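Number of protein chains: 2
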Amino acid sequence: MRKGEQTKEHIVSQAAKLFNRQGFHGSSITDIMRETGLRKGGIYNHFANKDELALQAFDYAVELMRERYLQAIAGKTSACEQLISLFSIYNEIVENPPLEGGCPLLNTAIDTDDTHPALKEKARTALDRWRGLLRSIIRSGIDTGEFRADADSESVIIFLTAAFEGGVMISKLYDNSEYMRVTARQMAQYITTELLITSERTL
Amino acid sequence: MRKGEQTKEHIVSQAAKLFNRQGFHGSSITDIMRETGLRKGGIYNHFANKDELALQAFDYAVELMRERYLQAIAGKTSACEQLISLFSIYNEIVENPPLEGGCPLLNTAIDTDDTHPALKEKARTALDRWRGLLRSIIRSGIDTGEFRADADSESVIIFLTAAFEGGVMISKLYDNSEYMRVTARQMAQYITTELLITSERTL
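Chains as they are written, first to last, in numbering that gives the first Met the number 0: chain D, 0 to 202; chain P, 0 to 202.
The reader is advised that the hints may include incorrect statements.
Which copy is meant is left open, so a pair is good if it fits within one copy or across any two.
[Stated by the list, open to error] Calculated cross-link-like contacts (lysine-lysine; reagent style BS3-like; alpha-carbon spacing at most 27 Å):
| hint | residue 1 | residue 2 |
| --- | --- | --- |
| 1 | K7 | K119 |
| 2 | K119 | K16 |
| 3 | K75 | K39 |
| 4 | K49 | K75 |
| 5 | K16 | K49 |
| 6 | K7 | K75 |
| 7 | K75 | K16 |
| 8 | K75 | K119 |
| 9 | K7 | K121 |
| 10 | K2 | K119 |
| 11 | K121 | K16 |
Calculated directly from the structure, the hints in this document are not laboratory data.
Quantities reported herein were computed from a predicted structural model and do not represent experimental measurements.
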């Protein structure tokens with residue numbers, strides 16, 4: 000990687016963490032200079048403005064989370080285990096978050112839904128892809144006879160996603176990961192009740 | 000009410016809507032001047048700074064939502080109906096939100112959890128009170144024999160709150176209230192399965 004590309008990637012990765020903690024509106028160019036250790040000119044050499052940097056930083060954050068999701072489901076053989084493992088990635092959201100500041104989708108959605116159409120559009124796309132991942136897991140569970148074929152998958156996906164993101168919010172607000180773990184346990188229970196064909200818990 | 004008090008209340012109510020849409024960090028004093036129709040001096044005459052105004056605006060927003068909650072449960076005789084009615088208040092979150100910009104608790108929690116300890120503390124207190132309201136409804140449902148006495152109330156409260164807030168986020172992001180309604184329906188289903196003693200749906 001050439002030096003210019005390295006610098007650019009350094010800026011994007013540091014900005015991703017900064018925006019995830021402080022939000023787009025709460026992060027100034029001075030903050031970005033502090034986090035990257037670069038002068039203003041060194042940043043604007045690579046990005047036209049804060050918007051361009053924020054869009055790339057969000058892509059970076061989403062890609063990082065996507066790797067984390069895929070890692071969570073790798074090696075899990077049942078669809079139920081895959082879902083439960085996926086919904087456990089924020090179980091140490093306070094002590095050991097995948098990305099400092101919490102969930103970038105949640106943070107960006109709330110930060111930009113009434114204020115920044117371009118970032119909002121990116122957050123929508125990220126949520127579409129997340130729903131697609133859940134859909135493919137649930138479908139494969141139905142195909143293998145693990146999950147009920149008559150389950151209302153789309154409603155289940157929305158409900159689980161809502162609970163997952165809300166659990167992050169509560170844990171972050173109280174600085175206590177236990178709320179996320181409580182939420183994840185209830186989600187596992189819900190998956191067992193609503194999706195699994197057998198009434199036995201698999202985990 | 001004296002004129003000074005009227006002006007102060009006008010500033011607080013307008014600022015509450017502004018902060019709920021744009022966030023604390025995304026709202027400048029210029030924005031506040033535009034929303035209130037006042038000059039800078041007219042605002043600083045009543046508030047020492049943006050922080051002081053934001054704290055009072057959050058109290059105002061929370062009080063407004065609390066009135067909306069109490070209105071939702073008024074006249075509902077069963078605990079199940081009270082919960083379902085409470086969780087329906089954001090069913091038209093896009094077209095007809097109780098407060099412009101979505102849920103002030105969710106917005107303030109995300110906006111300030113890593114950045115503004117005083118507002119974060121207020122958001123925590125608001126979430127404590129909300130949980131207290133759910134707790135009292137569930138307890139009364141247990142007392143009357145409507146809900147299971149062995150229900151894990153505290154976990155149920157966290158899970159329902161997480162789903163409720165996450166549903167708001169999803170609907171706001173997609174500009175589509177249907178996601179909130181889907182979430183609310185799944186919550187009603189969950190309440191029926193986890194809390195109600197009879198297997199019959201009451202709604």
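Which constraints among the numbered hints does this structure fail? Numbers only, ascending.
3, 4, 6, 7, 8 and 10
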